[in-house]
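Q: Each chain is listed here by its residues.
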Amino acid sequence: MTDATDLAEQAGDRDPRVGLRAVAALRRLLEQLEAVQVRSARARGWSWQEIAAELGVSRQAVHKKHGRH
Amino acid sequence: MFERFTKGARAVVTGAVAVAGREGAPAVTEEHLLLALLDAEDTGAALALRALGATERRASLEAALAAARRRGGLSAVEVDALADLGIDVARIVARVEETHGPGALAAGSDIRSRSPKRRPFTRESKKVLEQSLRVCLGRREKEIGDEHLLLALTARPGIVSEALADHGVTYTAVEQALDRPRA
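Going down the list, the protein sequences come from chains A and B.
If you number the first sequence the way this note's numbering does, the last residue is 69 and the count never jumps.
If you number the second sequence the way this note's numbering does, the last residue is 252 and the count never jumps.
Please note: incorrect hints may appear among the correct ones.
[Said to hold, decoys possible] Just a sample of chain B residues kept apart from chain A, beta carbon distances all over 10 Å, derived: (1) 80; (2) 92; (3) 115; (4) 127; (5) 142; (6) 153; (7) 154; (8) 168; (9) 196; (10) 211; (11) 236; (12) 241; (13) 242; (14) 245.
[Said to hold, decoys possible] Once the Cα atoms are required to be at most 30 Å apart in a straight line, the calculated DSS-like pairs of lysine-lysine come out as: (15) B:196 - A:65; (16) B:211 - B:195; (17) B:76 - B:196; (18) B:76 - A:64; (19) A:64 - B:195; (20) B:211 - B:76; (21) B:211 - B:196; (22) B:195 - A:65; (23) B:195 - B:76.
What the hints contain is simulated information worked out from the structure, not anything from laboratory work.
C-beta atoms are modelled at their ideal positions from N, C-alpha and C, and glycine is treated no differently.
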């Protein structure tokens, strides 16, 4: 990429792509962090119900996502 | 689509499943496809990868992929996007590893599969297979060879194409290596 296009991109940093890409990346990071924390809680003997309550989702949702592997 | 795959391309697909199996991975990822491509011999992809020096830099490629996995499979592009938001991925990884051990984020949600009989392709790796068909059609070639799988891998965003590009294996470079008359 040339310097000119680099600069143009920076100048146009209201480009929705930049923001959308960041949101998508954040979502991926969030998923990974959630998996780490859920695994850790399970390893400490937490029930799905307890984990779900902390995450603010239903027990079924958290079990479906992380339970059966 | 698979009926259009050459023997070499089929070998890569089954090879990727085998690699995933050896790793105990719950699904077949783009990384597994790449590792299977690096195992190929005397195929279009094998020749291109060798010509581009990737075959002998396999260890370095694998290290780059491991590093990306360690940060939760986020690509450099994604890390940059998060940095723009003021989120320092390296710092998050370090903090998580402090508490949960090295490579904690690499495991992601991929808890080891308890049903190894069923090892599906991930959404992303399926897209690579689909893309190989488009690449093949675009090149006006009749059969989908493993070189089309390689081209498809380089064309999809993510950690595999980034690692490949860092090792000189881009879509254009592969095309050039393929189109170069063979001695």
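Q: Please go over all the hints and tell whether each is borne out by the structure.
A: We went through each hint and held it up to the structure:
| no. | hint | result |
| --- | --- | --- |
| 1 | 80 | holds (29 Å) |
| 2 | 92 | holds (15 Å) |
| 3 | 115 | holds (31 Å) |
| 4 | 127 | holds (26 Å) |
| 5 | 142 | violated (7 Å) |
| 6 | 153 | violated (6 Å) |
| 7 | 154 | violated (5 Å) |
| 8 | 168 | violated (8 Å) |
| 9 | 196 | holds (15 Å) |
| 10 | 211 | holds (36 Å) |
| 11 | 236 | holds (19 Å) |
| 12 | 241 | holds (14 Å) |
| 13 | 242 | holds (17 Å) |
| 14 | 245 | holds (20 Å) |
| 15 | B:196 - A:65 | holds (22 Å) |
| 16 | B:211 - B:195 | holds (20 Å) |
| 17 | B:76 - B:196 | holds (20 Å) |
| 18 | B:76 - A:64 | violated (38 Å) |
| 19 | A:64 - B:195 | holds (23 Å) |
| 20 | B:211 - B:76 | holds (13 Å) |
| 21 | B:211 - B:196 | holds (20 Å) |
| 22 | B:195 - A:65 | holds (21 Å) |
| 23 | B:195 - B:76 | holds (19 Å) |
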